[in-house]
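Here's the letter readout for the chains.
Protein chains: 2
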Amino acid sequence: MVGPENSEKPTILIRGWLWFRDIPSKPLAKLRGVARQAIELAKDDPRRLIHSLKVGLTVTLVSLLYYLQPLYNNLGASAMWAVMTVVVVFEFSVGGTIGKCLNRGLATLAAAALALGANHLAILSGGENEPYVIGLFVFIQAVAMSFVRFFPKVKARYDYGMLIFILTFSLVSISGLRINEVIKLAQARFVTIVIGASTCLAVCILIYPVWAGEDLHKYVGKNISQLGNFLEEHMDQCFKRSSDARIEITKPSISNLNSILVDSKGREETLANLAGWEPGHGQFMFRHPWKQYLKIGNLTRQCACRLEPINDYLNSNIQAPQEIQCKIQEAFSESGKTLKELAWAIETMTKPSSANPHIENLKTASENLKILLRSGIKGDESDILQIIPIAVVMTDMVSSVEQIGDAVNELSLMAKFKSKTGNGVEGESEIGHDKNCIEIGMAEIPSLSVAIDERTEFSADEQILI
Amino acid sequence: MVGPENSEKPTILIRGWLWFRDIPSKPLAKLRGVARQAIELAKDDPRRLIHSLKVGLTVTLVSLLYYLQPLYNNLGASAMWAVMTVVVVFEFSVGGTIGKCLNRGLATLAAAALALGANHLAILSGGENEPYVIGLFVFIQAVAMSFVRFFPKVKARYDYGMLIFILTFSLVSISGLRINEVIKLAQARFVTIVIGASTCLAVCILIYPVWAGEDLHKYVGKNISQLGNFLEEHMDQCFKRSSDARIEITKPSISNLNSILVDSKGREETLANLAGWEPGHGQFMFRHPWKQYLKIGNLTRQCACRLEPINDYLNSNIQAPQEIQCKIQEAFSESGKTLKELAWAIETMTKPSSANPHIENLKTASENLKILLRSGIKGDESDILQIIPIAVVMTDMVSSVEQIGDAVNELSLMAKFKSKTGNGVEGESEIGHDKNCIEIGMAEIPSLSVAIDERTEFSADEQILI
Numbered sequence: 012m013v014g015p016e017n018s019e020k021p022t023i024l025i026r027g028w029l030w031f032r033d034i035p036s037k038p039l040a041k042l043r044g045v046a047r048q049a050i051e052l053a054k055d056d057p058r059r060l061i062h063s064l065k066v067g068l069t070v071t072l073v074s075l076l077y078y079l080q081p082l083y084n085n086l087g088a089s090a091m092w093a094v095m096t097v098v099v100v101f102e103f104s105v106g107g108t109i110g111k112c113l114n115r116g117l118a119t120l121a122a123a124a125l126a127l128g129a130n131h132l133a134i135l136s137g138g139e140n141e142p143y144v145i146g147l148f149v150f151i152q153a154v155a156m157s158f159v160r161f162f163p164k165v166k167a168r169y170d171y172g173m174l175i176f177i178l179t180f181s182l183v184s185i186s187g188l189r190i191n192e193v194i195k196l197a198q199a200r201f202v203t204i205v206i207g208a209s210t211c212l213a214v215c216i217l218i219y220p221v222w223a224g225e226d227l228h229k230y231v232g233k234n235i236s237q238l239g240n241f242l243e244e245h246m247d248q249c250f251k252r253s254s255d256a257r258i259e260i261t262k263p264s265i266s267n268l269n270s271i272l273v274d275s276k277g278r279e280e281t282l283a284n285l286a287g288w289e290p291g292h293g294q295f296m297f298r299h300p301w302k303q304y305l306k307i308g309n310l311t312r313q314c315a316c317r318l319e320p321i322n323d324y325l326n327s328n329i330q331a332p333q334e335i336q337c338k339i340q341e342a343f344s345e346s347g348k349t350l351k352e353l354a355w356a357i358e359t360m361t362k363p364s365s366a367n368p369h370i371e372n373l374k375t376a377s378e379n380l381k382i383l384l385r386s387g388i389k390g391d392e393s394d395i396l397q398i399i400p401i402a403v404v405m406t407d408m409v410s411s412v413e414q415i416g417d418a419v420n421e422l423s424l425m426a427k428f429k430s431k432t433g434n435g436v437e438g439e440s441e442i443g444h445d446k447n448c449i450e451i452g453m454a455e456i457p458s459l460s461v462a463i464d465e466r467t468e469f470s471a472d473e474q475i476l477i
Numbered sequence: 012m013v014g015p016e017n018s019e020k021p022t023i024l025i026r027g028w029l030w031f032r033d034i035p036s037k038p039l040a041k042l043r044g045v046a047r048q049a050i051e052l053a054k055d056d057p058r059r060l061i062h063s064l065k066v067g068l069t070v071t072l073v074s075l076l077y078y079l080q081p082l083y084n085n086l087g088a089s090a091m092w093a094v095m096t097v098v099v100v101f102e103f104s105v106g107g108t109i110g111k112c113l114n115r116g117l118a119t120l121a122a123a124a125l126a127l128g129a130n131h132l133a134i135l136s137g138g139e140n141e142p143y144v145i146g147l148f149v150f151i152q153a154v155a156m157s158f159v160r161f162f163p164k165v166k167a168r169y170d171y172g173m174l175i176f177i178l179t180f181s182l183v184s185i186s187g188l189r190i191n192e193v194i195k196l197a198q199a200r201f202v203t204i205v206i207g208a209s210t211c212l213a214v215c216i217l218i219y220p221v222w223a224g225e226d227l228h229k230y231v232g233k234n235i236s237q238l239g240n241f242l243e244e245h246m247d248q249c250f251k252r253s254s255d256a257r258i259e260i261t262k263p264s265i266s267n268l269n270s271i272l273v274d275s276k277g278r279e280e281t282l283a284n285l286a287g288w289e290p291g292h293g294q295f296m297f298r299h300p301w302k303q304y305l306k307i308g309n310l311t312r313q314c315a316c317r318l319e320p321i322n323d324y325l326n327s328n329i330q331a332p333q334e335i336q337c338k339i340q341e342a343f344s345e346s347g348k349t350l351k352e353l354a355w356a357i358e359t360m361t362k363p364s365s366a367n368p369h370i371e372n373l374k375t376a377s378e379n380l381k382i383l384l385r386s387g388i389k390g391d392e393s394d395i396l397q398i399i400p401i402a403v404v405m406t407d408m409v410s411s412v413e414q415i416g417d418a419v420n421e422l423s424l425m426a427k428f429k430s431k432t433g434n435g436v437e438g439e440s441e442i443g444h445d446k447n448c449i450e451i452g453m454a455e456i457p458s459l460s461v462a463i464d465e466r467t468e469f470s471a472d473e474q475i476l477i
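As you go down the protein sequences, you meet chains S and X in turn. Residues in the first sequence are numbered from 12 upward in steps of one, following the numbering used here. Residues in the second sequence are numbered from 12 upward in steps of one, following the numbering used here.
Think of the hints as simulated: they come from the structure by calculation, not from any bench. The C-beta atom is built at its ideal place from N, Cα and C for all residues, glycine as well. One should not assume that every hint holds.
What the hints assert, rightly or not - Cut-off 30 Å, straight-line C-alpha distance, at most; resulting in silico cross-link-like pairs (DSS-like, lysine-lysine):
hint: 1; chain 1: S; residue 1: 429; chain 2: S; residue 2: 381
hint: 2; chain 1: S; residue 1: 229; chain 2: S; residue 2: 374
hint: 3; chain 1: S; residue 1: 276; chain 2: X; residue 2: 54
hint: 4; chain 1: S; residue 1: 302; chain 2: X; residue 2: 276
hint: 5; chain 1: X; residue 1: 164; chain 2: S; residue 2: 166
hint: 6; chain 1: X; residue 1: 164; chain 2: X; residue 2: 54
As the list claims (entries may be wrong) - Listing some non-contacts, in silico: residues in chain X with all C-beta distances to chain S over 10 Å:
hint: 7; residue: 23
hint: 8; residue: 30
hint: 9; residue: 35
hint: 10; residue: 62
hint: 11; residue: 94
hint: 12; residue: 149
hint: 13; residue: 153
hint: 14; residue: 162
hint: 15; residue: 186
hint: 16; residue: 243
hint: 17; residue: 303
hint: 18; residue: 333
hint: 19; residue: 359
hint: 20; residue: 375
When you get a sec, could you build the whole thing from the sequences and use the hints?
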């Protein structure tokens, strides 16, 4: 029993020493981690750094009220309200800042006026009852305004205003009990608040402004284009892999799909709310149809949702007849192209006319696949059973893509997108690709040619793609 | 030309009169609409009304500082900070209120201490440079803290604290330039803030407290149970309709599915963040595994997402072989039962052991369906093609339900759910129903009995359900 004890002691000592030695390095490692995260945040969106500098600048500017004797003599201790306003009101986007300024300004004015009225009423009611009457007023308005904050519309846009209303009403009405010069004080405060708010607005709008509307516009476009990329590249890889070699599938695009599904809803709604406060800027008018972006966003999410089950099938080695694979691949790649055209139309604010032929192709491809499956079902059954889930996802997706197309068309009418000058180069190479694909299919299975014969009523433009 | 003009004039007059007459009724109608909405909000969750009354009570209580002479003499104009604290800090849930109180309190203390230190440094640097040094400090801290607010973790839990830090640091350090009794002033403010915050906390916790953790717990359970109901009832209706008469499908459950998909994510994350601030209460310990609820919520959303395409098939009249319909119906109803058992386990905080047999049944049903489809595919092809999309959705869903089961099991281990005292009555009637269903199938198609023979290795419990 002596041996183990002896050898244990030094181990404990060594462990203790190691633990002790690591103490300074642990917080250092953490600090390094934080620094790395900070650099990533700044690289990811440099506007964050600019925003921080803008806040610093504005706070320092407003502090001048304290440093400069003549200004301070006029405003006194109320000057602190200017600093307060800046810190509380300065938001990342112009819309956020304007919204908070308006909320704060209007709520302060309205609440102060009402509170002075309430004070007057209380004085009229007689000296003794004054505190009770004012207490009653304060109670009633606090209850009412707290309840109004639960209204969904108020919560989305005027929550801050309601808070300031309760605050100002309470402060002004109870101050009236003690300070007789309440109006003079309120004046000084109001002036400082206006100074703070206007400095804020000036810095926010004039120096590298961040427009929530522009962010929303880009974000919705980016999501559609990500979905399009996913469809084009990812599905391509998926089919290549089953026919060619085992190519490593790039996982990032799947996680992109997930981020569209999960995070976009809240972000889009916030941005649309903020964008509503913004004046016209750049290509956007004052009443740009921001709500329509939410509709497009919802449809994009729906489409991503319908694509989600596809992940499960990607890992299985698909062994379906070549011509069915071809049709499915065609539909996916057409969807991808449609979505990318739509995203491009949103981005450049041009009419999405170039997406229309893709949508037509898509409908044709989807119909063709259905016909093919019905006629081809006499083939190897287990293979067809394997491919059917993907075909189902595809059919769902096609209707989703069509809906997105309609919604973008509506947007282009509402926001008066400009017409595009034609470019037809991109399309040609794709047609060649699809034709190849069909020729392989035609050679292999006769039922396909029957399916094609059934569709002779289609226009020449569509027939190329059948 | 005289005739129409004559008849037009009175029309304009009448229209004008009608428009004029409607003026008072329009705002009245709007007011009535708002009142109706308010009543609905209060009925929907009476805690909203109680919260509003609590806010009113607390604001009025704190206003007493102004009414009572001895209190006012001690605190002076700083008493307004108490009102301010109450209005800004009082949140709907206990977690929100505690979080804001801690954020406000700690940030104020830290910022005030640092600002006093900065002031001291500035004084040491010599009288002339003082404003510049302080201006530099204010600038640096405002930039740094504004940037720190972009860190996702900080944004989720400490955003308000960061705001208060910037505010307090700026106010205290620039006040130091003017007011020599800055420490005395800070003391009075701190006391009033503590008074405001403690009144807030007392009212919030002692009178009808709203626990964010409890809300999260119930909400996650409710979503799972809604999904279970949707599966059981809705799918039942769907198949009844195709075989029996055209029964009206109740749409509300589809919209429930949508609300799970769209709104739950943000709400769950907010509640989990708030729940993190709450002390132990009722059945929940201080460190209840709130994060696990987020995981369960994510899986529930995934399951709802996979079910979403089913809506498109509900409107088509399904005409598949009876025994396949039976299998699918069985799988959906088993999933429904599993989910409802899991929801019940969460709700009552008991171990979800009663869900396990359902999960086993579910796996069996899913396997059986696959076998059946493979063997039964020689039947009427167009019918099978019609049923396959639903079968695909079902397979996806089964794996989702299994994952939810695993996650709930994990939760029950982490949160030490109590074991359940057995109840076996519910299950029996279901077995009878399923048996019926199988007997119909058995009579019609021989391939099913082969499928069943293949599975003789299952336990007796499972065989009843095959």
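Quick rundown of the hints versus the structure:
1. S:429 <-> S:381: The hint is violated at about 37 Å.
2. S:229 <-> S:374: holds (28 Å)
3. S:276 <-> X:54: holds (28 Å)
4. S:302 <-> X:276: holds (21 Å)
5. X:164 <-> S:166: Given pair residue 164 of chain X, residue 166 of chain S holds - Cα atoms ~24 Å apart, limit 30 Å.
6. X:164 <-> X:54: violated (35 Å)
7. 23: holds (30 Å)
8. 30: holds (25 Å)
9. 35: Residue 35 of chain X is indeed farther than 10 Å from all Cβ atoms of chain S, at 23 Å.
10. 62: Violated, since 7 Å does not exceed 10 Å.
11. 94: violated (5 Å)
12. 149: violated (6 Å)
13. 153: violated (4 Å)
14. 162: violated (7 Å)
15. 186: violated (7 Å)
16. 243: holds (22 Å)
17. 303: holds (18 Å)
18. 333: Holds, since 21 Å exceeds 10 Å.
19. 359: holds (30 Å)
20. 375: Residue 375 of chain X clear of chain S: closest Cβ-Cβ about 20 Å, beyond 10 Å.
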